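Engineer: Given chain A, put chain B in place with the hints provided.
Protein chains: 2
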Amino acid sequence: MLNKTAKQLHNKLIKHKKTISVAESCTGGLLCSLLTKHPGASAYFLLGVVAYSNNSKKRILDIPEKIINKYGAVSNKVALLMARNIRKKINADFGISITGIAGPTGATAIKPKGTVYIGLSFKNKTFSRLFLFPGRREDIRKHAALKAMRLLSANL
Amino acid sequence: MLNKTAKQLHNKLIKHKKTISVAESCTGGLLCSLLTKHPGASAYFLLGVVAYSNNSKKRILDIPEKIINKYGAVSNKVALLMARNIRKKINADFGISITGIAGPTGATAIKPKGTVYIGLSFKNKTFSRLFLFPGRREDIRKHAALKAMRLLSANL
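If you read the protein sequences in the order shown, they are chains A and B.
Its first residue numbered 0, the first sequence is counted upward by one per residue in numbering that gives the first Met the number 0.
Its first residue numbered 0, the second sequence is counted upward by one per residue in numbering that gives the first Met the number 0.
What the hints contain is simulated information worked out from the structure, not anything from laboratory work.
Model, not experiment: these values are computed from the prediction.
You may find that some hints are simply not true.
No copy labels: a pair is met if it fits in one copy or bridges any two.
[As the list claims (entries may be wrong)] Distance condition first, Cα-Cα at most 27 Å in a straight line; then the derived DSS-like pairs of lysine-lysine:
| id | residue 1 | residue 2 |
| --- | --- | --- |
| 1 | Lys69 | Lys88 |
| 2 | Lys16 | Lys57 |
| 3 | Lys36 | Lys146 |
| 4 | Lys65 | Lys6 |
| 5 | Lys87 | Lys14 |
| 6 | Lys112 | Lys122 |
| 7 | Lys57 | Lys69 |
| 8 | Lys112 | Lys16 |
| 9 | Lys76 | Lys6 |
| 10 | Lys17 | Lys122 |
For reference, chain A alone in the conformation it holds in the complex (with noise of 0.2 Å):
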């Protein structure tokens, strides 16, 4: 299912001639793996981000510490932020962001493990959703970006 998404996403980035970008935590690589595994992915990615620390989100990402410090880094207004950003830094036309707790630890009461924002951000438009995805880290990371790619295919 993974691949199949990401070969369908490929196919109609290129069709519509649409850039991307993406600034992913928990799913670490994987959603930027998947969107460049296929020949001509130089069509349309430009830059990915794989910003595990808070630190990295702050320098790279350039999210205020005062913003992570009162919403955590898993928090809708972070995806937004990393969405927002990350589009800006290279000018692509998608800045798709994930920011999650893939587990097993980092579970909070109220952010439980397979807590994920999803963030995308283009034209005048950024937006950010919620899921609580089931399983296990390895599952958890898949989940996130299966459905990373299905929000931004939706928005094409």
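Structural biologist: Same frame as chain A, now just chain B:
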């Protein structure tokens, strides 16, 4: 083999308390994805950049345009700068870079498909090695990620 090597490297990085950052091009996020696969990766994995376009190599990794124009994006010089700059950007102990031609397009007479430079940077030392990997796009990406992990492991 990829997953086994990733797990061994994961354990070694935690044991040695070393941090890393990654700048990858032709592998498109595969190396980051492998290095963040296991729980606890946040102890060592600080930042990954998938610098697929030349523009992203310039803007995010601070590779001068004249260097790319003179030597090409797939070159010893660019691999060295990618490794050094990604390390310095987030103050990691090690910076790892991959730049190459996964194909099927992009090959030239002097740089055939499978040409990959892997760079490693740590305190007072930065070097790169040239490989020529066989196989198709996906094989070349996997070979490159595996070699990068082995190169890092051998220097930990």
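Engineer: Compare the structure with each hint and give your call.
Structural biologist: Cross-check of the supplied hints:
1. Lys69 - Lys88: This pair counts as both: shortest intra-copy Cα distance 24 Å, inter-copy 25 Å.
2. Lys16 - Lys57: So lysine 16 and lysine 57 pass the 27 Å test across copies only (23 Å; inside, 31 Å).
3. Lys36 - Lys146: The answer is both: 17 Å in one copy and 19 Å across copies each meet 27 Å.
4. Lys65 - Lys6: neither (39 Å within a copy, 35 Å between copies)
5. Lys87 - Lys14: Close inside one copy (22 Å), not across copies (38 Å); limit 27 Å.
6. Lys112 - Lys122: For lysine 112 and lysine 122, neither the intra-copy (32 Å) nor the inter-copy (37 Å) Cα distance is at most 27 Å.
7. Lys57 - Lys69: within (14 Å within a copy, 33 Å between copies)
8. Lys112 - Lys16: Only across copies: lysine 112 and lysine 16 sit 26 Å apart there, 36 Å inside one copy, limit 27 Å.
9. Lys76 - Lys6: Neither way: lysine 76 and lysine 6 sit 30 Å apart in one copy and 33 Å across, limit 27 Å.
10. Lys17 - Lys122: For lysine 17 and lysine 122, only the intra-copy Cα distance (12 Å) is at most 27 Å; the inter-copy one is 40 Å.
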